[in-house]
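Asker: Sequence:
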Amino acid sequence: MGELMSMLFASKSRLQANDDKRRKEAKWARYMRCDGSPDPTIQGEINTYINLRLEDTAETDVERILKDTVLDLTLIAELESLLIDTPLEDLPQRERDRYRETIGEIQHLVQVKLDAASLKILCDASSLQDPETSNLQYTIRNADIVLCVWGNLSKNPRIKSFEFTNAGCSFDIPRQLTLSDCAIRYMRTTFDHFSAYSKSFYPRCKFKEPVELPQPEEEVTKEEIVEPAPAVLPEGEASFDLQALLEQEEQREQREQRKEHRGDKRKKKSKGKSLKGALTLEATDDDKPIPVQEQRPVIEEDYKDPPTPEPLEWEDFDEEDNVVDLRAYHVVGGIFTFDLLCLPPQPKVCKNWTITQLVVPEKLQFLDYVVDVPQVSSAQEKTSKDKEDKRDEKPPINITLNLPHNVLFLEEPQLAWWDANKQYWRTDGLSIVSFDEENQILKFSASRFGPMCLLQDSHINMPFQSWELRPHGINAAVLTIIAAISEIEIEIKDGLCCLSKPSNKPELSHLQNQWVTVKELVENMRKAGLNVFPAEDSSKFVTVQNKHPLIVGQLYSLMGLVASAMAFSWSKWNSDVESSTVVLLAAESLNDEALLEEDWSVYMATKRRFMKLKMNEFDEEFNEEMAEDIKFKSNLYHYAKANLSGEALMKIDKTSKEFSDCVQQLLNATQVLTFS
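The sequence shown runs 1 to 676 under UniProt numbering.
There's no promise every hint is true.
[To be verified] Okay, derived cross-link-like pairs now, SDA-like style, lysine to any residue, Cα gap no bigger than 25 Å in a straight line:
no.	residue 1	residue 2
1	Lys120	Thr60
2	Lys12	Lys657
3	Lys572	Asn616
4	Lys631	Thr606
5	Lys363	Leu66
6	Lys113	Ser198
7	Lys67	Asp144
8	Lys120	Asp144
Please keep in mind that the hints were generated in silico from the structure rather than gathered at the bench.
Model the full assembly from the supplied sequences, consistent with the hints where possible.
Answerer: Given below as structure tokens:
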């Protein structure tokens with residue numbers, strides 16, 4: 001184990017050195033950039049940029065305003081990338097807090113500029129009106145933003161609805177709105193600048209209060225301290241002390257066995273009966289090299305296990321039923337905003353003069369539209385007067401949306417609106433009328449307006465049904481996951497990976513055959529609605545057996561080392577054994593083809609052992625009996641070194657550190673040993 005840890009440490013150090021070099025080169029390239037954009041990491045530059053943009057209220061070109069937001073979003077993405085990519089020791093917490101504050105300021109700048117562009121469109125409504133309907137109809141877009149504005153200039157009561165054909169949005173117009181100076185803004189963005197401010201966005205770890213140990217009595221003797229009575233220990237400590245005593249007893253027995261073993265060897269040596277290959281741990285006059293196979297048991301016994309972390313506990317979501325828990329659900333498809341606005345006074349032409357009333361302050365005025373709650377009334381109360389008052393009612397507004405073409409919806413999405421006062425997403429005030437899954441069209445009724453989003457269950461594809469990691473040659477492999485709904489295939493080559501399946505989903509075409517890092521793949525797949533990456537608190541929402549983090553973490557890293565020559569797969573017995581044991585299928589795989597059922601063998605991994613079992617996957621009962629003629633090893637890597645063929649060992653030796661690290665990152669991201 002000591003040899004293995006040294007090798008892993010050397011590999012990790014080399015990868016860290018490469019990452020440090022890459023970050024330094026990127027920092028230097030950013031410093032040498034001469035495109036006029038500010039460096040968001042330099043506080044003076046970014047503050048000057050933000051202040052100048054906020055003070056520039058004379059900009060009247062809407063297209064120019066939207067073009068400037070592209071740079072703003074680029075600066076936000078640059079800071080977010082630095083926060084994710086830079087290790088904690090290289091970026092102090094103070095700097096991280098400053099970066100997050102800067103991100104918030106740029107996000108506010110983007111919103112201010114989008115509101116300014118909307119106000120500019122409304123002020124020029126009469127010059128932008130449609131000649132057929134005599135109403136304002138305006139749409140402008142870029143890669144990240146779609147801005148649509150409808151303005152009621154004609155006040156035609158016969159207008160019942162309107163559709164932004166290029167934006168995939170239509171809505172009903174209540175009678176009261178057709179008679180008022182109103183406007184409707186529909187805006188869709190690919191980014192989400194709201195969710196990160198919700199307190200339900202981050203994991204809620206339950207902090208345990210430190211338990212004070214009881215003070216020992218003065219008359220307690222040494223023997224009493226070594227073997228305390230169970231009644232003296234507080235609740236929750238007895239099992240811990242008992243385990244420690246059992247470990248001490250086991251270590252004592254091992255020391256006695258080694259002493260007896262050395263004593264037998266001394267007796268044999270004094271009688272002159274030397275055995276070939278015998279190894280004595282005592283110092284001898286001969287300086288003979290110690291065989292490696294005889295040295296391993298001593299190394300394994302002397303290796304000190306890393307400390308075992310206590311399992312984390314997570315707090316329950318203690319909010320109202322209509323408040324969204326962003327640990328259980330995640331936003332997909334970006335944000336769409338539906339606002340009811342007041343139409344500002346339009347310019348009037350008087351002979352050769354154009355009179356324009358100034359809008360003071362120069363801000364959007366939101367229309368106060370409180371939806372009437374329908375009340376049940378008796379038949380006697382339904383008079384003709386009620387029918388006459390219907391024109392004054394404020395019913396909910398029906399909205400129809402074409403869902404984004406680059407997002408995969410595995411079920412009917414949920415709707416939520418942003419509560420700016422309490423900083424969370426809410427589901428009340430929005431009700432889905434119909435969902436056309438084939439054409440991806442959603443129709444809903446809204447009595448709340450403002451920023452809205454579509455939500456999908458974060459764990460809809462969990463737990464997984466099965467998984468398989470199979471080599472495709474040296475420094476190449478493919479990870480297949482049959483999740484709860486989707487079947488996913490991810491190809492790995494050198495230090496990059498890409499999504500290859502499902503190939504029949506046009507919503508995922510922009511992800512296929514795009515070679516990216518593991519972090520980028522995780523982010524892109526989550527945004528596309530295909531989430532097979534458990535979060536740290538996902539065990540709170542998915543019924544799984546939490547495997548020992550040290551065992552699975554070490555196993556993932558060792559699977560990366562041998563992934564060029566060994567295939568691994570899911571075993572049904574893994575969920576039946578205790579959390580400190582992992583059971584999986586494995587086999588040597590030299591050809592780029594699927595393995596047969598008889599090629600697989602059952603293996604068991606614990607904290608100190610990796611061994612092949614005598615049983616097979618289709619036995620009726622689980623049996624820990626080890627396979628005959630094969631010795632167990634302390635870990636997967638040394639087992640592979642001792643039992644694989646020469647060709648397989650050659651492939652393992654040629655495996656690059658970048659490929660091994662990529663496999664390890666992907667296995668850690670999917671947590672296949674725990675969530676299958």
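Asker: Now, for every hint given, state plainly whether the structure supports it.
Answerer: Here is what the structure says about each hint:
{"no.": "1", "hint": "Lys120 <-> Thr60", "in the structure": "holds (7 Å)"}
{"no.": "2", "hint": "Lys12 <-> Lys657", "in the structure": "holds (8 Å)"}
{"no.": "3", "hint": "Lys572 <-> Asn616", "in the structure": "holds (11 Å)"}
{"no.": "4", "hint": "Lys631 <-> Thr606", "in the structure": "holds (15 Å)"}
{"no.": "5", "hint": "Lys363 <-> Leu66", "in the structure": "holds (17 Å)"}
{"no.": "6", "hint": "Lys113 <-> Ser198", "in the structure": "holds (23 Å)"}
{"no.": "7", "hint": "Lys67 <-> Asp144", "in the structure": "holds (10 Å)"}
{"no.": "8", "hint": "Lys120 <-> Asp144", "in the structure": "holds (20 Å)"}
Violation of the numbered hints given earlier is absent; every hint is satisfied by the structure.
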